[in-house]
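**Q** Given chain A's structure and the hints, the job is docking chain B with the ligand onto it.
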Amino acid sequence: MKMRKVAIVGAGLTKFVRRALETPKELSYEATKTALDSCGLRLEDIDCVAHGTAPDAFDGIHQNGEYMVDGCGGWNKPTMRVYVGGATGVHAIVHGWHHVASGMFDTCLVVCEEKMSSAMPHAQGFFLTIFDAITERALHPNLLWIFALEMNRYMNRYGYTKEDMALAAVNNKMNGLKHPASQFRDEVTVEDVLNSEIMAYPVSRLDVSPVSDGAAAVVLAAEPVARRITDKPVWIEGVGWTLDTAYWATRDLYYPRYLDTAARMAYDMAGIREPAKQINIAEPYDPFDYKALHHMEGLQLSPRGKTVELLRDGHFARDGNLPMCPSGGLLGVGNPIAAAGTMKVCELFWQLRGEADERQVPGNPRLGVAQAWGDLMQVSSVVVVGI
Amino acid sequence: MQDKVKVSGGTGLSEEDIRSGKIFLTEDSLDCAFAWDTGVAITRYLNELKKGKIIASECRECSRIMLPPRMFCELCFRPSGDWVYVQDTGTVNTFSICHVHWDASRIKEGEKPYLPAVIEIDGASSGMGIMHLLGEVEPDAIKIGMKVKAVWKPEDERTGAITDIKYFKPL
Ligand SMILES: [Zn+2]
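Residue numbers (my numbering), protein chains in the order written: chain A, 1 to 387; chain B, 1 to 171.
Simulated from the structure, these hints should not be mistaken for laboratory data.
We put the beta carbon where it would ideally sit given N, CA and C, even for glycine.
Check each hint, because a few of them may be wrong.
Okay, derived cross-link-like pairs now, DSS-like style, lysine-lysine, Cα gap no bigger than 30 Å in a straight line [what the hints assert, rightly or not]: (1) A:K25 with B:K22; (2) A:K162 with B:K112; (3) A:K162 with A:K2.
Here are the in silico distance ranges between beta carbons for each label pair [to be verified]: (4) A:N195 with B:P139: 15 to 21 Å; (5) B:S14 with A:L43: 32 to 38 Å; (6) A:D313 with B:P139: 44 to 50 Å; (7) A:A246 with B:R60: 17 to 23 Å; (8) B:E111 with A:G320: 50 to 56 Å.
Excised from the complex, chain A in its bound form:
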């Protein structure tokens, strides 16, 4: 299979906020324009658009992709929307990679947006409609239920405690304080996490990322074009994605099988044999604290059941051997669902170029992995980037 090399050449974000004045289209415009400006391109330099936004229900506009096209610069261009729940933000990068790697296009804008505050009284309510209409929805489930079920299984399997999970929340939230797009400004301790309101045991309020509005965008370019645009391209070395069965209760929830497959696919493509040794920065998807750890194991970056030990030893700290979520992640920056995954790819772009300001990981990191996850705990997308 002959694929072209694809680079990320520009990136932009909006601030992630609890409730934004801007509409979804306006948020998309801000991130997209910032990404274009960051690499000195204009919309006319862009050949196609890969666009991601999560459920139509959040915006109350069915087939929201068409409505959004103007904000992401997609008018009169080949534009495709991708939507795989929470995994959308990284999956859209995979989508854009296909457009360029195939030789079809030289440049692609990848734009992901989420405005969660429009849905009343709470965006969470719309997640009822992702469950099986007949065998599950009648029980009135909530996403917090199923994540609590997964977290409990994970903790029980390895003997992890609530305090262990809180350590991951603190790691990410403290990193997020340095992020200019973060919606948080207050320091958080393990005590704070443990003492926060119980939502669905074992999930407490500070174990969870907040609902947010925001957008993120990156510019992709084929090799020769990328080298003309910037002298610091960040290459997409590998991509992977999988959907596991929607019969989610038939899987053993302590291990993310969907991610295992997706990660191995991305590492194979990138020629990575020992991810835990070769990867310098990890941005695992962390809508909940346990998920950061769960996903470090699925990403093959930490031995199963040993992750808390490594976290305690500082292995995943910003100045550790394998920094975990130096951006702050969803827990530390915010969780506008589709945009949050793309934000992780933006972070790797800045980190590998040495442009992450106060958040910069020391030691000239060369290889990073970002991952996002969604739907009925079943889908994962992985992108490996390097310089």
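**A** Chain B with the ligand only, in chain A's frame:
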């Protein structure tokens, strides 16, 4: 040309901005209704629930006894073969003690938390769990690995729904 700006837009609003009418909002609600066909396999499942029984289907290829039953095995991608009755007992694979309603609103003072669980049903293949609720148990007495049994609605109140099982209680 490199621009140092990386973040732009995302103007945060406060509750006060909204309450004071400083910004404009428009409100609407969508009223959508659906009548879902329950399909071939789940129709049989629901009919059996109405009789107080749990039925599964067996894959001819891998011999998995699948719950909820399906017309095809998603792993082998072959039509499933025989119908198999399974027990109305099982094991708690995991559980939660949930203080929020489906729409994320908090339960009220005195209201009992929801006790959702993944229950592996006896007689189905290992690991075949379904989501349901636990009942007749104090939240702090629930354990992973606990044996449970279905508590059925009285026969004349059953409608052919997963809620014909009220909940599972400790065995
Ligand atoms: Zn089979």
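**Q** Name the hints, by number, that the structure is in violation of.
**A** 3, 6 and 8
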